[in-house]
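Asker: Here the sequence shown is numbered in the working numbering, starting from -11 and rising by one per residue.
Certain hints may be false.
To be verified - In silico DMTMM-like cross-links for lysine to aspartate or glutamate, where the CA-CA straight-line distance does not exceed 20 Å: (1) Lys277 / Asp204; (2) Lys588 / Glu533; (3) Lys235 / Asp204; (4) Lys588 / Glu519; (5) Lys277 / Asp175; (6) Lys668 / Glu596; (7) Lys277 / Asp261; (8) Lys369 / Glu292.
Stated by the list, open to error - Cβ-Cβ distance ranges computed for the label pairs, FRET-style: (9) Ser539 / Ile465: 47 to 55 Å; (10) Thr38 / Asn673: 46 to 54 Å; (11) Trp423 / Val509: 28 to 36 Å; (12) Gly370 / Glu26: 26 to 34 Å.
FYI, nobody ran anything at the bench for these hints, they're computed from the structure.
Cβ coordinates follow ideal geometry from the N, Cα and C atoms, glycine included.
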Amino acid sequence: MTNKGLNLKLIGLLICSYSCVLLADDDMEDFFSMSPAELANIPVTIATGTAKPAYLSASVTTVITAQQIDTMGATELDQVLETVPGLHVSIQAVTNDTVYSMRGIQNGVNAQVLVLLNGTRFSVPYKGSSMTGMRLPVEAIQQIEVIRGPGSALYGADAFAGVINIITKKAKDIDGTVIGVRGGSWDTQSVWGQHSNQLLGWDIATSLQYAHNNNDGDRIINSDLQSQFDRNFSTDASLAPNEMQTKLERWNAHLNLQRKHWDIDFWAFNEVDAGLLAGAGGALDDEGKLNGQNYLTDLKFSSEDLVDDWEFLAHASYLYTNIDAEIHNFPDGTLLPIDGNGEINPTVPFVLNPTFFPEGVLSEIGIENQVASFEMSSIYKGFDDHLLRLTSGFRYEQVRTKESRNFGKGITVGTLTNVTGTNFVFLPDSQRSIWSVALQDEWQISQDWQLTAGVRYDEYSDFGSTFNPRVALVWGINEQLSAKLMYGQAFRAPSFLEQKQQNSQLFVGNPSLKPENIETVELAFDYRPIENLRLASNFYFYEIEDLIATSLGGTTVPTVNNSEGQTGVGTEFEWDWQFHEQWNLKGNYAWQYARNEETKGRVIGVPEHQIYVAAAWQFLPKWQLQTQFNWVGHRLNFEGSTNSELKDYETIDITVNSKRFFGYVDFTASARNVLDSHGKEPAINSYPDNFPIASRSFYLETTVHF
-11 MTNKGLNLKL
-1 IGLLICSYSC
9 VLLADDDMED
19 FFSMSPAELA
29 NIPVTIATGT
39 AKPAYLSASV
49 TTVITAQQID
59 TMGATELDQV
69 LETVPGLHVS
79 IQAVTNDTVY
89 SMRGIQNGVN
99 AQVLVLLNGT
109 RFSVPYKGSS
119 MTGMRLPVEA
129 IQQIEVIRGP
139 GSALYGADAF
149 AGVINIITKK
159 AKDIDGTVIG
169 VRGGSWDTQS
179 VWGQHSNQLL
189 GWDIATSLQY
199 AHNNNDGDRI
209 INSDLQSQFD
219 RNFSTDASLA
229 PNEMQTKLER
239 WNAHLNLQRK
249 HWDIDFWAFN
259 EVDAGLLAGA
269 GGALDDEGKL
279 NGQNYLTDLK
289 FSSEDLVDDW
299 EFLAHASYLY
309 TNIDAEIHNF
319 PDGTLLPIDG
329 NGEINPTVPF
339 VLNPTFFPEG
349 VLSEIGIENQ
359 VASFEMSSIY
369 KGFDDHLLRL
379 TSGFRYEQVR
389 TKESRNFGKG
399 ITVGTLTNVT
409 GTNFVFLPDS
419 QRSIWSVALQ
429 DEWQISQDWQ
439 LTAGVRYDEY
449 SDFGSTFNPR
459 VALVWGINEQ
469 LSAKLMYGQA
479 FRAPSFLEQK
489 QQNSQLFVGN
499 PSLKPENIET
509 VELAFDYRPI
519 ENLRLASNFY
529 FYEIEDLIAT
539 SLGGTTVPTV
549 NNSEGQTGVG
559 TEFEWDWQFH
569 EQWNLKGNYA
579 WQYARNEETK
589 GRVIGVPEHQ
599 IYVAAAWQFL
609 PKWQLQTQFN
619 WVGHRLNFEG
629 STNSELKDYE
639 TIDITVNSKR
649 FFGYVDFTAS
659 ARNVLDSHGK
669 EPAINSYPDN
679 FPIASRSFYL
689 ETTVHF
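Make a model of the complete structure from these sequences and hints.
Answerer: What follows is the structure, given as structure tokens:
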């Protein structure tokens, strides 16, 4: 995209939002209930565990409120996160999960970004990230806090490139009963209910959501790996060109109980017959499906003011996930090259031993994860200028697998065979335990200076120990301007797949893996010259060692190893300007240069430039229009890739909101990717045209408050 083209689109964004300004009314129901300066004062706990305004927190922090989520018309969490500076949401080819690229750091399963739900990790040990297919309903979210940068000194493993904490609505946020419905493109249907009450001294919040959508018929895969085999064998088995399988049905239920000292959460997430996007084996799959059951129980206790100068905290959680996937790796009637181990091997000469699969190449996989954790903290407040926090914890992680397939080692080719509990399963049952201890001091050096220093030690039963310090110096230069200088180390633990996967053509695990390590230095400024304007910028440099990656190493199947690593440098700039009582203009720009030290070239697949702009206009009493523009620029393909070029692309979304119409009804109409941009996200060589982004879509939503 040329600079001229980019400028024209930004101008068009503003013109689109300005078209009916003469209709505005002076008697307004204020949509902009908080000024940019007041938004910067929202207390966040993600940086240190202690509530502080975002501009004084010991990290580069972004806060997104429930009102901002409503204003942008987001229907999925990923649409919200795409607005965070330096964070880009992409697609993972094999697990079908979304992938978060943060400051040019990403791997295939989000393991380098830690996602928390109300401060509790819900990552699963088999792949090191959140549950496959996990999609939290945005209607249940009260606030999102995002750290860009390391967080292992406080959170331990996987708080590597950043941390995302999703805070759900409590009883005081719901305040009664809320019922909502949404309908839209691709037969989207969603209904939810929320209710708050008080019983026997407990504040009770409940929510239930059901959502369904069919395939996005415009997300077409033109060619896949089966297409290549068809050309070699003169067959016609490939389903391409055809649409990606984006269909989904899901249930979410949440119960929160709160009273003095106690906070208890129960969360259930069930996914039914979800489609496998572009397919799990490199070929389109219109018959495969994924079913998942995920349950999280979380209990927090705080002594609060029971003991003078001390606060004691206890936090226990239990996560259970069970995923069953039926996968057609290749479609019915495929003819494939099979090697001596029964594996599909494209390097085998095509004239030798081609095998016919009349029912396709089938896999049935089950993965059960259990994670139990307990953490205790003590906070000492007896010093005038110091706040000391000591935390110790224990976590136990376990995975159990089952598998049936009709190809591969130990199997008569073409016969669906149960290999559960044998040496031929893709991942043996595994478990590990983790002990940790962390110490942090928040030192108020003077009225304008604060130093936060901390260190955490983690001991893993499988790969050993890690030690991660952090320090942040915050200077309140005056009431309008603050500066931060930060240094931190973080680590990512190797997942069970990376350590132990076997009998797979994707990659073979390595039990000798070391954890990834990162060192980051950041300098940040936050400037609020007037109440209605906030400007923020930061500059960073990081260096990653022992980056976990796959390499061939003289074999036909990649093996997981620690590589030389990655370095990165970049900057992020953001603004929030309410330049009129009816108008607000906000956005951000992010630039990064990430270098792979193994290849000595830029990191592939991640955007070097990102721009986000949103213009909001309260054009009538109780009505608001927001138009937002998102541009993703300058990404590279894999070296030697035959895939098409990853061109820059942009999306424009338009949302109209009405708040408390007739006193109790909210109405939202939204159009996403209005100009139907045909952007692409990077894919493996099996998909030479890469992955298409979601096409243009429209939604109508009504919420009633009782």
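Asker: Now tell me if each hint is right for this structure.
Answerer: A quick look at each hint next to the structure:
1. Between lysine 277 and aspartate 204 the alpha-carbon distance is near 16 Å, which keeps this suggested pair within the 20 Å criterion.
2. Distance hint between lysine 588 and glutamate 533 is fulfilled; the C-alpha atoms sit about 14 Å from each other, no more than 20 Å.
3. Between lysine 235 and aspartate 204, the direct Cα distance comes to roughly 8 Å. Compliance with the 20 Å bound is thereby established for this hinted pair.
4. The hinted pair formed by lysine 588 and glutamate 519 fails the criterion: a straight-line CA distance of about 46 Å is larger than 20 Å.
5. Note on lysine 277 and aspartate 175: the hinted pairing holds, with a Cα-Cα distance of about 18 Å set against a maximum of 20 Å.
6. Pair hint lysine 668 plus glutamate 596 holds up; C-alpha atoms about 15 Å apart against a cutoff of 20 Å.
7. The straight-line distance between the Cα atoms of lysine 277 and aspartate 261 is roughly 5 Å, inside the 20 Å bound, and the hint therefore holds.
8. Proposed proximity of lysine 369 and glutamate 292 is supported: the alpha carbons are some 11 Å apart, at most 20 Å.
9. A C-beta distance of roughly 48 Å is found between serine 539 and isoleucine 465, which places it inside the suggested range of 47 to 55 Å.
10. In this structure the supplied range 46 to 54 Å holds for threonine 38 paired with asparagine 673, their Cβ-Cβ distance being about 48 Å.
11. In this structure the supplied range 28 to 36 Å holds for tryptophan 423 paired with valine 509, their Cβ-Cβ distance being about 29 Å.
12. The hint said 26 to 34 Å for the Cβ distance between glycine 370 and glutamate 26, and at roughly 32 Å that hint holds.
Hint compliance for this structure: hint 4 is the single one not met.
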